[in-house]
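Novice: Each chain, written out:
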Amino acid sequence: MTVKIGIPRALLFHNFIPYWKTFFEGIGAEVVISGLTNKAILQDGLRLSVDEACLPVKVAFGHVEHLKNKADYIFIPRLVSVFPREYICPKFLGFPDMVRQNVQGLPGVIDNNINMYRRESDLYRQFFEIGSLICGNPFKIALAIKKAGDAIKRFTARVESGLRPDRAIDSSYSEDGPAGRKDTTVAVIGHPYNIYDSFINIGLLKRLEDAGINVLTTDNVPEKEVNDHVAHLNKKLFWTLGRRMVGAAYHFLESPGISGIIHVASFACGPDSMTGELIERKARRIGSKPYLNLTLDEHTGEAGIVTRVEAFLDMVGTKEQAARC
Amino acid sequence: MKVTFPHMGNLWICLDAMLKYLGIETVVPPPSSKKTLDLGSKHSPEFACMPLKLNLGNFMEASEMGADTIIMAGGCGPCRFGYYAQVEHVILEDLGYNYRLVVMEPPEKHISQLLSRIRYITGNKPWIEVIRGIKYGYSKARAVDMLEMAAMRKRPLERRPGQTDTALNEALSIIAGAVYGKLDEAYARASEIMEQIPVDRKPVLKIGLVGEIYTLLEPFSNLDLEKKLGRLGVEVDRSIYLSEWVNDHLFMGLVRGVRSSSLYTRLSAPYLRHFVGGHGQETLGAAAYYNNKGYDGIIQILPFTCMPEIVAQSVLPQFSRDTGMPVMTLIVDEQTGESGYMTRLEAFVDLLAEKGARKEELA
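Read top to bottom, the protein sequences are chains A and B. Quick note on numbering: the numbering used here labels position 130 of the first sequence as 130, and the sequence is numbered without any gaps. Quick note on numbering: the numbering used here labels position 49 of the second sequence as 374, and the sequence is numbered without any gaps.
Be aware that a few hints might be false.
Quick list of simulated restraints, FRET-style, between CB atoms [what the hints assert, rightly or not]: (1) Thr307/A / Ser587/B: 27 to 35 Å; (2) Ser498/B / Lys224/A: 33 to 41 Å; (3) Glu517/B / Glu120/A: 24 to 32 Å.
Listed below are the simulated EDC-like cross-link pairs for lysine to aspartate or glutamate, each with C-alpha atoms no more than 20 Å apart in a straight line [as the list claims (entries may be wrong)]: (4) Lys235/A / Asp675/B; (5) Lys434/B / Glu280/A; (6) Lys618/B / Asp549/B; (7) Lys289/A / Glu671/B; (8) Lys531/B / Glu418/B; (9) Lys236/A / Glu433/B; (10) Lys553/B / Asp675/B; (11) Lys140/A / Asp150/A; (12) Lys531/B / Glu473/B; (13) Lys434/B / Glu277/A; (14) Lys367/B / Asp170/A; (15) Lys552/B / Glu454/B; (16) Lys289/A / Glu254/A; (17) Lys367/B / Glu120/A; (18) Lys21/A / Asp111/A; (19) Lys4/A / Asp111/A; (20) Lys282/A / Glu371/B; (21) Lys235/A / Asp419/B; (22) Lys319/A / Glu120/A; (23) Lys282/A / Asp419/B; (24) Lys236/A / Glu430/B; (25) Lys282/A / Glu254/A; (26) Lys552/B / Glu671/B; (27) Lys235/A / Asp562/B; (28) Lys153/A / Asp170/A; (29) Lys235/A / Glu671/B; (30) Lys282/A / Asp562/B; (31) Lys553/B / Glu430/B.
These aren't lab readings, by the way, just hints derived from the structure by calculation. Since we're looking at a predicted model, the values are computed, not measured. Positions of the beta carbon are idealized from the N, C-alpha and C atoms, including for glycine.
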């Protein structure tokens, strides 16, 4: 019987799912992914986590709860570092412990460390260990890691060419091409688990597209572009997501094709309180692009989001008209 | 060059001593107050943790007194303290302050980075003098910690309320005023003062304070937690003292006979099995430590939005269920109100007293 591995559609799902899925399938396991976030998942997350946790962590608790009876193992790796000399956020470091101490009736938990703080190549050994938990054949594991590496490379290339990660995951998806392109482009800066989860941001990306606007996100900016822009900082940022957000925002602020920037953050997010401040102050110093800061939590209401996005788009429209005259 | 630094409890006593020994002019910011916090919160990011807001307020107040250079510590994450200095600098720049910022932190590329920063502050003083200065500062930190520990023991027993704090203030000012070479003498005098506080012998409750370092060490930020508990008849101990922290992080644990955080790290399993930045893992370890020592209760304190402590807070309830140790979490920020805070402390202490009495009845 094949082993079922449950992967919650939360936290760094949108960054690494091609790797994880290819890897587990490569060693002969079946991958079960939790559904899109919905009210029941959020409610369970709220019940299981402490009030002070941020919305994405609460949502992740909900996804684990909904997966626990559908899989033999839940895959919640301890994401210490996914880039040399950088971390994600303390809550990612502690997430497996938080889950183990608060969710009852868990199946097996795979919470091995994923830690590339020292060097990127450490990842191989770490996934080899994960593979050995399920599969006895070292060649098969090695092959699966190789395939997973290829999958994530293809995925990254597609995303950097302008495709949204939540769409690029489906390898058959393709954009309509230049014909479908619209005149105005807005950049959305934020953590992937906030901007691609349309339940918690109340359909932000769809709303923008329905309003006839192209959307580019943090993830569409190539790594090199990001690093060129953060190189001017007084000190290297030690959060991978924070570095990418600051680099991408600085890039978008300087790109003539971008008409405005929306910064999406969860309520009380620690890293965002620092990186958001750097971005906002830079945006204000440059002062040429409308900038909207959206804060999400479990109480976020549709009307509030709609009003703010509409006001922002009006501002973008006014600026463009003024430029055309 | 006039050097200032952020407040964190009595940190100023040892920093001021060290810098003055090296012949550097210092500006000690006014003690953190409501005004400091108002100034800081007004200009800081909303979700920044409270220490950042107080730091910023300290710098703004020190600037009025003529300070032009800031010296502070840094780090390499994942706790956001490691990026404090840079964000504070951007804010100060936008506000029109002209500060030079020197951050003492593990170097990104090469040790020479750190050495050149120290050189920037110390000028041409020989290295041996710099080391002597650091040692001198450390001795003051140790003296201050010993006096604070004495105060924590005496407060619940003092005959007249407030006597301990009057004595502690006097003792601390003796240490602060002691010049190089006279520290031992000053310490003897100061501890004599603490020794002479009249006390009544009576049973006390014991509470261990764990949590985030700044809110543990800075009485303004924790609304005088130690004093309040002392007045309620509780003897407290805290998981972190300044000198222990310095020994762990700057001297790599070289000084013997000082409690070390590696003990906490060992005790934190199975609840938290990996470091999570800041003092999150130590919080769990310290809770286990106080449980083993037979304390009556544990209070965790953290600034609102503190990431490592939220992880610790999430696993503490399970620790409490498993061990039967009462744990309360207090979260502080610029909105914290005194009376709500006091009510919670009184309720918690009542609960512990009740629990202790019932245990005795059953025994």
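Novice: Each of the hints needs a verdict: does it hold here or not?
Specialist: Hints, one by one, checked against the model:
1. Take Thr307/A and Ser587/B: their Cβ atoms lie about 53 Å apart, and the range 27 to 35 Å is violated.
2. Here the CB-CB span from Ser498/B to Lys224/A is close to 57 Å, at odds with the stated 33 to 41 Å.
3. Glu517/B and Glu120/A have their C-beta atoms about 60 Å apart, which leaves the hinted 24 to 32 Å range violated.
4. A threshold of 20 Å between alpha carbons decides the hint, and for Lys235/A with Asp675/B the separation of about 48 Å lies outside it, so the pair is violated.
5. Under the criterion of a C-alpha separation no larger than 20 Å, the hint pairing Lys434/B with Glu280/A is inconsistent with the structure, at around 29 Å.
6. A hinted pair counts as satisfied when its Cα atoms are at most 20 Å apart, and Lys618/B with Asp549/B does not qualify at roughly 24 Å.
7. Pair hint Lys289/A plus Glu671/B does not hold up; C-alpha atoms about 52 Å apart against a cutoff of 20 Å.
8. Distance hint between Lys531/B and Glu418/B is unfulfilled; the C-alpha atoms sit about 46 Å from each other, more than 20 Å.
9. A C-alpha spacing of about 8 Å is found between Lys236/A and Glu433/B, which places the hinted pair at or below 20 Å, so the restraint holds.
10. For the given pair, Lys553/B sits about 14 Å from Asp675/B by alpha-carbon distance, which is consistent with the 20 Å threshold.
11. Simply put, Lys140/A and Asp150/A have alpha-carbon atoms about 15 Å apart, close enough for the 20 Å limit, and the pair holds.
12. About 16 Å separates the Cα atoms of Lys531/B and Glu473/B, which keeps this hinted pair within 20 Å; it holds.
13. Our distance criterion of 20 Å between C-alpha atoms is broken by Lys434/B and Glu277/A, whose separation comes to about 26 Å.
14. Between Lys367/B and Asp170/A, the direct Cα distance comes to roughly 46 Å. Violation of the 20 Å bound is thereby established for this hinted pair.
15. Restraint check: the Cα-Cα separation between Lys552/B and Glu454/B comes to about 38 Å, which exceeds 20 Å; the hinted pair is violated.
16. For the given pair, Lys289/A sits about 10 Å from Glu254/A by alpha-carbon distance, which is consistent with the 20 Å threshold.
17. Between the alpha carbons of Lys367/B and Glu120/A the distance comes to roughly 41 Å, so the proposed pair goes past 20 Å and is violated.
18. Pair hint Lys21/A plus Asp111/A holds up; C-alpha atoms about 16 Å apart against a cutoff of 20 Å.
19. For the suggested pair Lys4/A and Asp111/A, the alpha carbons sit about 15 Å apart, so the restraint of at most 20 Å is met.
20. About 17 Å separates the Cα atoms of Lys282/A and Glu371/B, which keeps this hinted pair within 20 Å; it holds.
21. With a C-alpha separation of about 18 Å, the suggested pairing of Lys235/A with Asp419/B holds against the 20 Å cut-off.
22. For the hint linking Lys319/A to Glu120/A, the alpha-carbon distance of about 44 Å lies beyond 20 Å, and the restraint is violated.
23. Taking the CA atoms of Lys282/A and Asp419/B, the gap is near 10 Å; set against the 20 Å cutoff, the hint holds.
24. Between Lys236/A and Glu430/B, the direct Cα distance comes to roughly 13 Å. Compliance with the 20 Å bound is thereby established for this hinted pair.
25. In summary, the hint linking Lys282/A to Glu254/A is supported, as the alpha carbons are separated by about 11 Å, within the 20 Å threshold.
26. At most 20 Å may separate the alpha-carbon atoms for a hinted pair to count; Lys552/B and Glu671/B meet this at roughly 13 Å.
27. At roughly 37 Å between alpha-carbon atoms, Lys235/A and Asp562/B are farther apart than 20 Å, so this suggested pair is violated.
28. Our distance criterion of 20 Å between C-alpha atoms is met by Lys153/A and Asp170/A, whose separation comes to about 14 Å.
29. For the given pair, Lys235/A sits about 45 Å from Glu671/B by alpha-carbon distance, which is inconsistent with the 20 Å threshold.
30. A hinted pair counts as satisfied when its Cα atoms are at most 20 Å apart, and Lys282/A with Asp562/B does not qualify at roughly 44 Å.
31. At most 20 Å may separate the alpha-carbon atoms for a hinted pair to count; Lys553/B and Glu430/B exceed this at roughly 35 Å.
Going down the numbered hints, you'll see the structure goes against 1, 2, 3, 4, 5, 6, 7, 8, 13, 14, 15, 17, 22, 27, 29, 30 and 31, while the others check out.
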